[in-house]
Structures are given as C-alpha cells and as structure tokens.
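Colleague: Now for the letters of each chain:
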Amino acid sequence: MENILEVRNLKTYFYTDGKEIPAVDGVSFEIRQGETLGIVGESGSGKSITALSLLKLIPQPPGKIIDGEIIFKGENILDYNDKQMRKLRGNQISMIFQEPMTSLNPVFTVGNQIVEVLVLHRNLSNKLARQKAIELLELVGIPLASKRIDEYPHQLSGGMKQRVMIAMSLACDPVLLIADEPTTALDVTTQAQILDLLNNLKTKFNMSTLLITHDLGVVSESADRVAVMYLGRIVEYADVDAFFENPLHPYSIGLLNSIPSMFKDVNRLDPIPGQVPHPTELKKGCRFQTRCPHAMKICVEEEPDLIPVENKSVRCWMYTNRYEELEGEKWDHYSKSKA
Amino acid sequence: MGPLLQVEGLKKWFSIKDSKLFRGEKHFVKAVDLIDFSIEKGETLSLVGESGCGKSTTGRAVLRLIEGTEGKVVLDGVNLYSLKSSELKKLRKDMQIVFQDPYASLNPRLKVRQIIEEPMTIHTNLTKKERTDKVKQIMTDVGLNIMYLDRYPHQFSGGQRQRIGIARALAVEPKLIIMDEPVSALDVSVQAQVLNLIQDLQEKYGLTYLFITHNLSVVKHISDRVAVMYLGKIVEIGNKASFFETPLHPYSQALISAIPETNRTLKRERILLKGDIPSPVDPPEGCRFHTRCPFVMDICKILEPPLTLLKEDHYAACHLYTEGIGDIGKL
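In order, the protein sequences belong to chains Y and S. If you count by the working numbering, then the first sequence holds residues 53 to 391, one letter each, in order. If you count by the working numbering, then the second sequence holds residues 2 to 332, one letter each, in order.
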C-alpha cells in the first residue's frame with residue numbers, strides 16, 4: 053500500500069523560562085492509504101503536539117519544529133510557506149479537535165462554517181456550497197439537515213456538534229483526517245455513535261486517519277496500527293492485533309494493566325508506579341526508567357533505540373542482547389530514592 | 002440495623018425563571034425525580050449515567066449541599082431533611098465528598114497541612130499537636146510523603162491532588178464519602194493508583210461510598226451495587242454480579258455495549274442508540290427512555306414503568322418485563 057504520509061525524525065521543542073522542553077523528540081511513523089494509525093499516550097506524551105506539527109499549527113514562539121521531515125504525497129511540507137500550508141489545511145489534510153464546544157464559532161450558523169470551507173477551497177458558489185453542506189450533514193447522520201444547517205452551535209448537543217465538525221473536515225474530501233481525541237468530551241453512547249460514523253466514513257472514502265487518543269479501548273476498536281508515546285518518544289509501534297495480543301514495552305503493558313476490564317475481575321488493579329516526570333527534568337537513558345519494573349543499570353545510562361522485535365517495533369533494552377549480558381544489575385529507583 | 006444511608010423519594014427540580022420565554026408557564030429541569038436507594042455500611046454503591054442524568058445533583062442533594070425539593074435522606078437513623086442548618090452542620094463530619102476536578106477543589110492559598118487540618122479544626126476538639134499528628138498519619142495513609150506538608154496544591158500533580166482531596170475527606174472520620182467522578186480527570190496509569198487507594202482505604206476504615214461515575218468499567222471494578230440513572234430517574238439498580246451478567250434495562254444494555262474494549266478476542270454486539278438524551282426540561286412522557294429505546298412499545302409512551310424487583314436484589318423500570326415480553330431467563 054502507498055504511504056500517504058511519512059514522518060521522519062520529527063522534533064518539536066518548546067522554549068519557556070530559558071528551559072527546553074522536547075515535547076516531540078524524534079518521532080517517525082507512516083500512514084498508508086485507507087489506514088487508521090492510532091497514537092496513544094497520557095498527558096504530556098506529545099501526541100497532540102505531533103498532530104499539530106503535521107499541520108504546522110504549533111504556536112511559535114514558544115514552540116518550534118527544529119528537525120525532521122513530514123512527507124505528504126511526496127513533498128516535505130516543512131518546506132512549504134504559509135500560503136501553501138493554507139491550501140493544504142482543511143483541504144487535503146483536515147482536523148477534528150477534542151472539544152466540539154469550543155472549536156465551532158458561536159456567532160455563525162453551522163451552515164456558514166461549512167460553506168466557508170467549500171467556498172475557500174473549492175471555489176463553489178454560495179448556493180452550490182450550501183447544497184453540498186446539507187449533503188455533508190446528512191452524510192454524518194444529522195436528522196433534518198436542511199433545517200439544522202441554519203442553527204447555531206449552542207442549539208446542538210455535544211454529539212451533534214462533533215458530527216458538524218466531522219462534516220466540516222470532510223467537506224473537501226481530505227486525503228488525511230487528523231482526529232485529536234474526537235470522542236473524549238462525549239458520553240459513552242455518543243462516543244459509540246461517533247466511532248461508528250468514523251469507521252463507516254473510512255471504509256466509504258478509503259480515507260487515511262491519524263487518531264490521537266488516551267483511550268486504548270478506542271484504539272483497539274478503530275485503529276489498524278498503533279504508536280504508543282511516552283514523553284515525546286514512540287516506545288512501541290505495531291499492528292493493532294499484534295499489539296493487543298502481546299504488548300512488549302513495559303509502559304504499554306502497564307497501561308493495559310491499569311484499565312479495569314469488563315471481561316476480567318481483579319481485586320486490585322496493577323498500576324504503573326509513580327508519575328510522568330516533568331519534561332524539563334529528563335534524565336539520560338530510557339525515559340521510562342523511573343517507573344519501569346524492569347529497569348537495569350543500562351536503562352539509566354543509555355537510551356534504547358526503536359528496534360524491530362517480532363512483528364513490532366519497541367524501544368526497550370529488554371529485547372536486546374545487551375540486556376541479557378547485564379542480567380542481575382537491577383536498578384531500583386525506589387530503594388535508591390529511599391536510601 | 003438498617004442501611005447506613007436510605008434515600009426515599011428524593012426530588013430536585015430547578016425552576017426556570019425566565020417566564021417571558023415560556024409565556025408565563027412555570028417550567029422545571031427535573032434533574033432528580035423521585036429516586037429511592039439505600040447503601041449498607043461498608044458497601045460501595047455506584048451511581049452511573051451520562052451527562053445530564055442527574056447523578057451529581059443526587060450526590061449533592063444527599064448531602065444537602067443543594068436543597069432537594071422533596072424527599073427523605075436518612076443517614077444512620079437521622080433524616081437530614083428534618084434538621085435545622087445548625088444541626089446539619091454538626092453532622093457534616095459524618096459525610097464528606099471528593100470532587101471530580103482536583104485542580105478546582107483545593108484552595109490554592111492553603112498549604113496541604115492546612116487543607117487537611119481544616120475539617121478537624123471545625124468538627125473536632127483535637128489539640129493543635131494532635132491535629133498535626135493526624136494530618137501526617139492521613140497523608141501516609143493516602144500515599145503522600147509527609148515531607149510535602151508545607152507545599153501548596155499547585156506543586157502537586159493531578160493524581161497527588163486527588164489524594165489530598167481524599168485525605169481532606171478522611172480527616173473527620175466520616176461514615177459516608179461521596180466520590181463524585183474522583184478519577185475522571187486523571188491519566189489512565191494514575192487513575193488505577195487512585196482506584197486502588199480508594200479500595201484500600203475502604204478496607205482499612207470500613208468506609209461506605211456513593212461512587213458517582215460515567216465509566217462502567219470502573220463501576221464493574223469498584224462497586225458492590227450499581228444504580229443506573231437516566232434523565233433524573235433510576236432505571237435499574239441491583240447487585241454488581243447480577244447487573245453485569247444480565248443487565249435488564251435496554252439503556253443499561255446499550256451503555257455496557259458501548260464501552261470500547263481492549264480485549265479483541267471477545268467481540269460483542271454493539272447496541273447503537275439513536276439520537277441524543279432529550280432535555281431534562283419537560284422530559285418525555287411515559288418511560289423517559291422511550292424516544293431512544295430499540296424495543297419501544299405503545300405503553301412506554303403513555304405510562305411510566307415502576308422500578309420492579311425482577312431478580313434477587315436486582316430492580317429495573319421497564320415495561321418489557323412487567324408486560325411479560327422480556328424474558329429474564331433468556332438474557
């Protein structure tokens with residue numbers, strides 16, 4: 053399959069109070085035609101910054117894309133100027149955001165906002181654009197679309213607003229859809245409706261999607277491949293089936309053990325100890341070292357690369373020869389900090 | 002001895018003031034509309050539902066943090082709604098609440114020691130020294146390092162702040178703690194830590210929880226009994242095992258099927274509900290769920306089904322069963 057998007061060694065750093073924050077630090081992935089890649093991680097992992105970087109929507113300063121390539125349909129869009137980027141955004145690559153409540157303009161009707169996209173990017177007349185907008189609203193399952201089109205965002209429920217956002221993002225038949233936590237602000241039953249809609253649209257238009265989420269359940273049900281991020285790095289990258297069958301990185305395993313499941317009963321959950329360190333306090337070595345149950349001396353000294361293991365890629369010394377050589381030199385952050 | 006908490010006919014209607022808009026007619030948001038439930042000592046009852054179903058209002062009305070319109074709330078033999086506010090204040094130490102947002106629910110100007118000490122200053126006769134000792138002991142209990150006594154809330158992460166909120170609730174040794182979405186604002190890995198803490202504390206101190214959440218996987222993990230709310234009504238209530246094995250109300254079934262699962266080998270059939278939750282202002286006649294119910298019948302549009310005992314310790318409000326159409330054995 054053809055790669056729609058290739059991201060190579062993307063680095064987006066932030067600079068505040070004289071400190072450097074490596075929010076996205078050498079991230080590489082690709083998205084193929086018709087495929088959904090899920091990027092999963094907790095707050096501060098850099099997943100949203102990755103998404104914003106793809107559209108060059110990083111506020112600058114304090115942020116800056118300092119290195120890397122974003123190859124979209126054969127061209128590095130990091131070389132694009134503002135005018136070229138404006139042509140790309142909302143047209144070839146479009147985005148839906150987490151908060152449908154705050155990402156629609158409250159003083160325009162939803163119709164106005166969809167029509168604007170069509171008039172700007174497709175040079176349609178207002179009349180044609182309005183017709184197309186109604187079709188789009190019908191496509192995303194809004195009942196009475198020809199009436200709803202003249203309503204303002206506050207007249208719609210959260211799920212309806214997210215449907216409008218999706219309609220807007222689909223207006224120009226994008227090649228790539230970036231969905232940043234599209235269902236996080238929604239109720240479960242509405243979330244199920246929206247995920248179902250996104251899955252249907254993907255099949256219908258053979259669209260490629262980058263799905264950003266903190267919810268492994270959503271990834272499991274909607275993505276084809278998954279990249280797990282921790283503190284600006286991809287720590288595991290795999291096909292969804294392979295990943296959920298046998299996750300390799302201690303962080304991935306920890307995440308999965310942290311979620312209560314409907315199918316198994318445990319007396320206590322098995323959480324990852326500690327918390328995500330502040331990104332200005334990164335130590336050398338593996339970024340997960342402070343919370344890892346398998347940390348060794350080498351993990352504190354040197355950061356592992358993302359290496360192929362089985363049918364996945366994983367960033368962990370455990371899956372290398374060097375780890376076995378060092379067996380026994382266990383590193384315990386908790387006893388160290390207590391001592 | 003009866004249950005620790007007994008709620009009977011609790012109702013909270015908010016009146017909508019703007020009479021011009023509705024041509025002088027009085028309208029109400031029926032946030033909580035005649036609900037009954039009880040919690041035994043040492044038990045966790047989860048109140049689950051989607052936004053706008055009235056679960057948080059219920060939590061607050063139980064504590065009289067907002068005044069219920071009607072109803073009885075009996076805590077350990079005393080009807081809170083028969084008390085004067087001065088009498089109620091004395092009982093406040095028996096019932097505490099942990100809020101959803103650990104960023105908004107701690108006073109940013111107080112140090113951790115002051116936050117945890119304050120309830121003791123108000124409700125107990127402990128000396129300064131005793132209070133400080135107790136603060137340290139509670140901090141240890143909830144997994145906070147006592148080196149942080151003099152830090153301010155902003156110096157802590159979300160998970161640690163929620164621990165402070167829990168410590169504050171524990172300070173006066175309450176009989177009942179209302180947990181209002183205590184882990185919803187937290188990251189997955191931290192969420193698991195706090196859930197474990199909540200369970201550990203319950204075991205250690207024999208605490209009773211009313212656990213309010215929208216997350217059914219969390220409910221399954223933490224509760225003894227489950228109550229599902231929809232538009233101000235409890236539509237199903239029962240013990241956890243029976244509820245998750247055979248959810249009876251179509252809404253509960255849809256809720257359970259909607260949870261995204263990471264277990265890929267067990268594929269379930271998803272029930273997709275049509276439309277959105279109707280407005281709680283003048284909710285639908287008859288069964289409030291009838292506008293979205295996949296099994297809707299004529300009677301559902303006219304008559305509101307009562308909460309009926311259908312299995313051992315398992316009630317549901319649905320005409321499917323009272324009309325003999327729904328087969329409980331088959332589900």
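Derived from the structure by calculation, the hints contain no laboratory data. Wrong hints could be hidden among the right ones.
Stated by the list, open to error - Beyond 12 Å from chain Y on every Cβ pair, some chain S residues (computed): (1) Arg61; (2) Leu217; (3) Ser218; (4) Ile223; (5) Asp277.
Stated by the list, open to error - Straight-line C-alpha distance at most 35 Å; calculated DSBU-like pairs for lysine-lysine: (6) Y:Lys316 x S:Lys275; (7) S:Lys275 x Y:Lys199; (8) Y:Lys199 x S:Lys42; (9) Y:Lys184 x Y:Lys139; (10) S:Lys27 x Y:Lys316; (11) Y:Lys254 x S:Lys42.
Even glycine gets a Cβ: it sits at the ideal position worked out from N, Cα and C.
Colleague: State for each hint whether it applies.
Modeller: Consistency of the hints with the structure:
The beta carbon of Arg61 (chain S) sits about 20 Å from the closest Cβ of chain Y, which is more than 12 Å, so the claim that it is off the interface holds. For Leu217 (chain S), the requirement that its beta carbon stay farther than 12 Å from each beta carbon of chain Y is not met, with the minimum near 7 Å. With a least CB separation of 4 Å from chain Y, Ser218 (chain S) falls inside the 12 Å interface cut-off, contrary to its annotation. Some Cβ of chain Y comes within 12 Å of the Cβ of Ile223 (chain S); the nearest lies about 8 Å off, and the non-interface call is violated.
Here Asp277 (chain S) does not stay apart from chain Y, with its beta-carbon only about 4 Å from theirs, under the 12 Å limit. Simply put, Lys316 (chain Y) and Lys275 (chain S) have alpha-carbon atoms about 29 Å apart, close enough for the 35 Å limit, and the pair holds. A hinted pair counts as satisfied when its Cα atoms are at most 35 Å apart, and Lys275 (chain S) with Lys199 (chain Y) qualifies at roughly 19 Å. For the hint linking Lys199 (chain Y) to Lys42 (chain S), the alpha-carbon distance of about 53 Å lies beyond 35 Å, and the restraint is violated.
For the given pair, Lys184 (chain Y) sits about 20 Å from Lys139 (chain Y) by alpha-carbon distance, which is consistent with the 35 Å threshold. With a CA separation close to 49 Å, the supplied pair Lys27 (chain S) and Lys316 (chain Y) exceeds the 35 Å bound. Our distance criterion of 35 Å between C-alpha atoms is broken by Lys254 (chain Y) and Lys42 (chain S), whose separation comes to about 51 Å.
Violation of the numbered hints given earlier is confined to hints 2, 3, 4, 5, 8, 10 and 11; the remaining hints are satisfied by the structure.
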